[in-house]
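Number of protein chains: 2
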Amino acid sequence: MTDLSTDFTRTRAAFHLPSGVTYLDGNSLGPMPVAARDRVAAMMQDEWAQMLIRGWNEAGWYAQPRVTGDRIARLIGAGDGQVVMGDTLSIKVFQAVSAARALRPGRRVILSDSGNFPSDLYVVQGLARAIDSDLRVVEPEAVAEAIDDDLAVLMLTEVDYRTGRRHDMAALTAAAHDAGALTVWDLAHSAGAVDVDLLGADADFAVGCTYKYLNGGPGAPAFIWTHPRHADAAQPILQGWMGHAAPFAFQPDYEPAGGVERMRVGTPPVIALAALDAALDVWDHVAMPDLRARSIELTEAFIAQVEASCPDLTLNSPRDPARRGSQVSFRHPQAYAVMQALIAQGVIGDFRAPDVLRFGFAPLYNTAEDVSRAVGIMARILREGSWDRQEYHARAAVT
Amino acid sequence: MTDLSTDFTRTRAAFHLPSGVTYLDGNSLGPMPVAARDRVAAMMQDEWAQMLIRGWNEAGWYAQPRVTGDRIARLIGAGDGQVVMGDTLSIKVFQAVSAARALRPGRRVILSDSGNFPSDLYVVQGLARAIDSDLRVVEPEAVAEAIDDDLAVLMLTEVDYRTGRRHDMAALTAAAHDAGALTVWDLAHSAGAVDVDLLGADADFAVGCTYKYLNGGPGAPAFIWTHPRHADAAQPILQGWMGHAAPFAFQPDYEPAGGVERMRVGTPPVIALAALDAALDVWDHVAMPDLRARSIELTEAFIAQVEASCPDLTLNSPRDPARRGSQVSFRHPQAYAVMQALIAQGVIGDFRAPDVLRFGFAPLYNTAEDVSRAVGIMARILREGSWDRQEYHARAAVT
Numbered sequence: 003m004t005d006l007s008t009d010f011t012r013t014r015a016a017f018h019l020p021s022g023v024t025y026l027d028g029n030s031l032g033p034m035p036v037a038a039r040d041r042v043a044a045m046m047q048d049e050w051a052q053m054l055i056r057g058w059n060e061a062g063w064y065a066q067p068r069v070t071g072d073r074i075a076r077l078i079g080a081g082d083g084q085v086v087m088g089d090t091l092s093i094k095v096f097q098a099v100s101a102a103r104a105l106r107p108g109r110r111v112i113l114s115d116s117g118n119f120p121s122d123l124y125v126v127q128g129l130a131r132a133i134d135s136d137l138r139v140v141e142p143e144a145v146a147e148a149i150d151d152d153l154a155v156l157m158l159t160e161v162d163y164r165t166g167r168r169h170d171m172a173a174l175t176a177a178a179h180d181a182g183a184l185t186v187w188d189l190a191h192s193a194g195a196v197d198v199d200l201l202g203a204d205a206d207f208a209v210g211c212t213y214k215y216l217n218g219g220p221g222a223p224a225f226i227w228t229h230p231r232h233a234d235a236a237q238p239i240l241q242g243w244m245g246h247a248a249p250f251a252f253q254p255d256y257e258p259a260g261g262v263e264r265m266r267v268g269t270p271p272v273i274a275l276a277a278l279d280a281a282l283d284v285w286d287h288v289a290m291p292d293l294r295a296r297s298i299e300l301t302e303a304f305i306a307q308v309e310a311s312c313p314d315l316t317l318n319s320p321r322d323p324a325r326r327g328s329q330v331s332f333r334h335p336q337a338y339a340v341m342q343a344l345i346a347q348g349v350i351g352d353f354r355a356p357d358v359l360r361f362g363f364a365p366l367y368n369t370a371e372d373v374s375r376a377v378g379i380m381a382r383i384l385r386e387g388s389w390d391r392q393e394y395h396a397r398a399a400v401t
Numbered sequence: 003m004t005d006l007s008t009d010f011t012r013t014r015a016a017f018h019l020p021s022g023v024t025y026l027d028g029n030s031l032g033p034m035p036v037a038a039r040d041r042v043a044a045m046m047q048d049e050w051a052q053m054l055i056r057g058w059n060e061a062g063w064y065a066q067p068r069v070t071g072d073r074i075a076r077l078i079g080a081g082d083g084q085v086v087m088g089d090t091l092s093i094k095v096f097q098a099v100s101a102a103r104a105l106r107p108g109r110r111v112i113l114s115d116s117g118n119f120p121s122d123l124y125v126v127q128g129l130a131r132a133i134d135s136d137l138r139v140v141e142p143e144a145v146a147e148a149i150d151d152d153l154a155v156l157m158l159t160e161v162d163y164r165t166g167r168r169h170d171m172a173a174l175t176a177a178a179h180d181a182g183a184l185t186v187w188d189l190a191h192s193a194g195a196v197d198v199d200l201l202g203a204d205a206d207f208a209v210g211c212t213y214k215y216l217n218g219g220p221g222a223p224a225f226i227w228t229h230p231r232h233a234d235a236a237q238p239i240l241q242g243w244m245g246h247a248a249p250f251a252f253q254p255d256y257e258p259a260g261g262v263e264r265m266r267v268g269t270p271p272v273i274a275l276a277a278l279d280a281a282l283d284v285w286d287h288v289a290m291p292d293l294r295a296r297s298i299e300l301t302e303a304f305i306a307q308v309e310a311s312c313p314d315l316t317l318n319s320p321r322d323p324a325r326r327g328s329q330v331s332f333r334h335p336q337a338y339a340v341m342q343a344l345i346a347q348g349v350i351g352d353f354r355a356p357d358v359l360r361f362g363f364a365p366l367y368n369t370a371e372d373v374s375r376a377v378g379i380m381a382r383i384l385r386e387g388s389w390d391r392q393e394y395h396a397r398a399a400v401t
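Sequence lines, in order, name chains A and B. Here the numbering used here runs 2 ahead of the position in the first sequence, where the first position is 1. Here the numbering used here runs 2 ahead of the position in the second sequence, where the first position is 1.
Hints in this document: simulated from the structure, not taken from any laboratory. Note that the structure is predicted; figures quoted are calculated from it, not measured. Ideal Cβ positions, reconstructed from N, Cα and C, are used throughout, including at glycine. Any given hint could be a false lead.
[Said to hold, decoys possible] If the Cβ cut is set under 8 Å, some of the chain A residues that face chain B in the computed set are:
#1 Leu129
#2 Tyr213
#3 Tyr256
#4 Pro271
[To be verified] Computed list of chain A residues with no C-beta within reach of chain B, every gap over 10 Å:
#5 Thr11
#6 Pro107
#7 Gly108
#8 Ala144
#9 Leu282
#10 Arg294
#11 Ile305
#12 Pro323
Construct all of the structure, not just a fragment, from the sequences and the given hints.
Here it is, written out as structure tokens:
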């Protein structure tokens, strides 16, 4: 176990944060770790350029997806050898749901909720059409009662990408298990944001991305976790050579590797993994309970200050911090224009249709000063109606 | 159209080639373009670090997969707007074959050959199991006669990863079409190696990787091409938000984007695409007929010199250059040890089980001097039997 003594002054200093910017959009794309640029340059020069093909063994590129996976495992309550990196989150959703569904061959229903990120629903729609399953989508509050004996897979994003509402992973997993179903948890807005405990919740599969709170850079690779009880039984539809038991034997037939490594598909993204590796260094001495405590401090302060000084905004997130992730959203009829005015004044959050202002609080680098500066600027914009007098042409940003 | 005046002295100088190394493994991993390291560092510093989330629009990250796709299109005989980047080659094989199969709903057979790269076969085995299809695998020479009226999809790698044997894309595509089937061509060992003409051959789908002859770096993103006649009809199983008609409308249901962009799935690998973009600059003034001519010169010289000075080796590639890609392989009972001895003396090719020595010739940077140096060293090793007196511990390299 790493020695954990969380020092948020140190972690904040580990990021490049442009001056004049209050960045509350780390739930969409984390900022660049100071060390990332040189780490990538060194990987390219010392490994790719010098070792050429030999880098696969000599520089450890081949093993990197599981080495990096082990670093992430600690942040999500998983064990060594249970997480592997690669592809994108959408691909990993496909793998996890298809593998879970195949473990419940007699059942056809995949249940999700309308607060799930649309891409997860798109992926499951495509999968369900191919493998003769039904995707059932209910309101987030109705998930528990929709679990019945037809259910094969419960597929949820733990923290809602718009509202920040956090599902009770342990309770819903237990309910799914009681009904004979398996769970797939998308940790896109959880990993690095809250104290995830996959093993403690007894979840079955989990997936996530690394470009949000884990700060791996735009398009950084995704991860997938399989509970050890399923790791050698899960049979993914996406069978690639890197998930083969003997990739370099070049056998004509697929034979899955042992454990979660069968969830590897193609050649790993080595350059991107170097950037992510530098980003994960920042987490080395961070204790997740400290992270969660700081996250709650920041979001509680933000809600209190906004409600005190921005009467036109309506809270769109759960008020109870136990039911919330590390982001907060508010509604305003002119949310798009208000967000553009905020961005023009250096406060970067984002807009989600039709009327949502979304703010992410990343405990590694956001501070109480970020909270008060953002609220002060937003209060002035709303008071003066200055969002109404400007022209904004920016397009919607990426979640 | 770009002005094309191929200057191979310029293109060779564009790569970092370690001194003392004769690199004949660009068919596995291309060397680093000199400009790539600084291009990636600039993207990270000027775009990610400075623009943060705004980079998706301001730096053009969102559009990058099709902008880069257009650069590759020229190299494979495709048109603008027909190629899009992302994921890995295995994922793209899955997308192309599933889309082609869905366009032939009444037919169950997917035909490939035993010279195909194993991962392509693994992918199709997994797909076929899921969607109730049959994968039929025949010898490369038997493909033409195995095409019949049950065939839905002919899925071939144009250039064999071991022997370098090149299929006749136009003839086999015509035969498949005559039988009512569609074709998927894997260009892993073709793109940047030979004069591919997808539109001329009237192919249906094509996929490829960019870390071999296109020199995009380890794990560089893959590409997929759809013939315009299928681009708006192809319905991929992998439905991700980046392939949605309106990704940022966050609609609950998937609606495919027009054209090949529906083959996008998740968030694009922006850092890796920056490295690839630098690599594609090298191709700007290269005429593909010049490339093909130089490739044939190099492989012809290599075969002639090896056969003159290495009597223990047996040619494992077609002798007719028209039936060969840009790589040559020879067989030797102790191929593994011989390759280790070659590598120890700075000649990097690779070994393929059980007895194959494989050498790739990348016209952009390999020269007649590379050919004669490699053959000279190999002839001495074989004459002296010095491969027999060394201890080799290296593990097999990645294809």
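* Asked: Hint numbers the structure violates, sorted upward?
  -> Of the numbered hints, all hold.
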